[in-house]
Amino acid sequence: MTTSTHHAHDHPPHLAHHWETPQQQFDAGKLGMWLFLATEVLFFGGLFVGYSVWRGNDPELFQYGSRFLDTNMGALNTAILILSSMTMAMAVTFAQQSKQKALVICLVLTVLGGAGFMVIKYFEYTHKFHDGLFAGPAFYNGPPDPTKAHLWDPSLPVVTQEQLIAARMAAATTPPPPADATDAQPLTAQRSAIAPPQAGPSGLNLHANRASHDSHGKHDLLHPLQDPHRPVNAHVFFTIYYLMTGLHGIHVLVGMGVIGWLAVRAMKGHFNSEYFTPVDLVGLYWHVVDLVWIFLFPLFYLIH
Amino acid sequence: MAQVTDTHKHSNEDAGHHGVGHIVSPKILIANTIALLVLTVITVAVAKIDFMEYNIHELNMIVALGVAVVKASLVCLFFMHLYWDRPFNGFVLVGSIAFVALFMVLAMMDTSEYRSDIVPGDSRGVVERINAAEQRYAPGSTP
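Chains as they are written, first to last, in this note's numbering: chain A, 472 to 775; chain B, 11 to 153.
Isolated chain B (complex conformation):
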């Protein structure tokens, strides 16, 4: 073990550091920052387009979240050194996101089970009262 450490240390002294961690050059960091700022400008510009008018529903949200995922990946890979880091650290992060995704999928599945009871924008009580009122005008019933 000691022998391995020594070789490791000496080989890195030439490179000017101890060999713990990876040094990311400021050039890469600046390039990454510019990419993130450009993506921010793009996502704000796209948000001003109303895709609803072109009948492409939900595209605004898909683009906004798609850009956010790309930006998040750039931050993780280069600012957080995951590109060069031990894969297990990335595995911990991806694992935590996977569990949030599991939580979200199950919660949304459960919610969608009850969606038929909900009129968007209204609470449950309102729906019941509207249904009760509508019942009085239902075809075949005597007002």
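So here's chain A without its partners, still in its complex pose:
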């Protein structure tokens, strides 16, 4: 318990003049942090709405694209973020108990957790970059260096977007063969305007894409550009994937920086049971980063 005597009344050194009590100062700071976190929820919320609209319109795109993500890497990153959230929450507890050494250790572990997350994300991203699985139109340029691509098969031809569209149109417009050759009915009366499911647009046959692949064997995946069964506009999945995980990754980097700053201040002994507000508020931010990932993981990696 440190008490300052440089004021007429009992006044802790960290208490700013415009607050009546440490409790009031703490509550106001915490409310301010929660209001900032509300804007963060709205920030990511816009992207979640975009995701929902795209997935609602084209569920096939997400089923298809998800197979190019490594579920084990995503699950490992989920575990790392949960553990770093725990060390951050522990840091708050130790700061409140004035346990300096434990506080510093927990903050350093939290930064290391963030670093571990970013290293795994780096491997995931570079793996996709080598295969040319980029966001937007760059997706259709193919792998920048085919020798580094994992999925690219030089012996296979590239299926262009135009060819996919042409194949869809042909499938939709080719008259189905007559059910019975001796049928005397005129051709126009037999045929439905609806294309047969196996040949129609992907939406009519839920298993169209899966037929050529084993649903679990990643090694059986064809490169999207060489896959005649890929959905039209397959790049849309990768665009929203990079947007959402990228914005989340930036938040992890910012969090690592701020927690590193807390660790330096903790080493200097700035925090104790009377003053730990920065540790508490940065902790809240770090948990929001964890929260966002808790939703990103199933939305991108766990689509069957």
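Please note that the accuracy of each hint is not assured.
Stated by the list, open to error - Facing chain A, a subset of chain B residues (Cβ under 8 Å, in silico):
#, residue
1, Ile33
2, Leu39
3, Leu47
4, Val48
5, Thr50
6, Ile52
7, Ala55
8, Ala78
9, Ala82
10, Met90
11, Arg96
12, Ser106
13, Phe113
14, Met114
15, Ala117
16, Met118
To be verified - Computed cross-link-like contacts, DSS-like style, restricted to lysine-lysine with a CA-CA straight-line distance of at most 27 Å:
#, chain 1, residue 1, chain 2, residue 2
17, A, Lys572, B, Lys37
18, B, Lys37, A, Lys570
19, B, Lys58, A, Lys599
20, A, Lys572, A, Lys592
21, A, Lys572, A, Lys739
22, A, Lys592, B, Lys58
23, A, Lys739, A, Lys570
24, A, Lys570, A, Lys599
Said to hold, decoys possible - From the derived model, a few chain A residues whose C-beta atoms are all more than 12 Å from chain B:
#, residue
25, His489
26, Ile553
27, Lys572
28, Ile591
29, Glu595
30, His598
31, Ala609
32, Lys619
33, Ser626
34, Leu714
35, Gly717
36, Ile721
37, Met738
Keep in mind the hints are simulated off the structure, nothing from the lab. From a predicted model like this one, the values you see are computed outputs, not experimental measurements. Cβ atoms here follow ideal geometry from the backbone N, Cα and C, with glycine treated the same way.
Since chain A is already given, all that's left is putting chain B on it; use the hints.
Then chain B, alone, in the frame of chain A:
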């Protein structure tokens, strides 16, 4: 006011801290972490089951998002201290989520208005071209 503060302070000195904020014991934090990790294992395991084969459409996504909501609640309540915190902080969080939900509901309602124009997996232009081509084969028309 000063009197209230003094009583508050003294009553908390016995507890070993100043009384600002609630101290959560490491035991609770570890238990919460174990629960979160177990839920992560469960959600990954469930994702490997193809409910489509049992004709239960969308169950994969419902389970995955349901587990995510439970995990998020655990993080908010215990890691973020909302269980012990002033209710208004929780109200700010729930309020922001409510507005995202409002945004999402209106956007999805608008999108579903146009859904009949969309063949899943295809862009608008493709649909128009397929429709135009199909028109030529429509019953009653002369090819």
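Now the hints, each set against the structure:
no., hint, in the structure
1, Ile33, "holds, 5 Å"
2, Leu39, "holds, 5 Å"
3, Leu47, "holds, 6 Å"
4, Val48, "violated, 11 Å"
5, Thr50, "holds, 5 Å"
6, Ile52, "violated, 11 Å"
7, Ala55, "violated, 10 Å"
8, Ala78, "holds, 5 Å"
9, Ala82, "holds, 5 Å"
10, Met90, "holds, 5 Å"
11, Arg96, "holds, 7 Å"
12, Ser106, "holds, 4 Å"
13, Phe113, "holds, 5 Å"
14, Met114, "holds, 5 Å"
15, Ala117, "holds, 5 Å"
16, Met118, "holds, 6 Å"
17, Lys572(A) <-> Lys37(B), "holds, 19 Å"
18, Lys37(B) <-> Lys570(A), "holds, 16 Å"
19, Lys58(B) <-> Lys599(A), "holds, 23 Å"
20, Lys572(A) <-> Lys592(A), "violated, 30 Å"
21, Lys572(A) <-> Lys739(A), "holds, 11 Å"
22, Lys592(A) <-> Lys58(B), "holds, 22 Å"
23, Lys739(A) <-> Lys570(A), "holds, 13 Å"
24, Lys570(A) <-> Lys599(A), "violated, 44 Å"
25, His489, "holds, 14 Å"
26, Ile553, "violated, 5 Å"
27, Lys572, "holds, 14 Å"
28, Ile591, "holds, 15 Å"
29, Glu595, "holds, 16 Å"
30, His598, "holds, 20 Å"
31, Ala609, "holds, 18 Å"
32, Lys619, "holds, 29 Å"
33, Ser626, "holds, 27 Å"
34, Leu714, "holds, 16 Å"
35, Gly717, "holds, 20 Å"
36, Ile721, "holds, 20 Å"
37, Met738, "holds, 21 Å"
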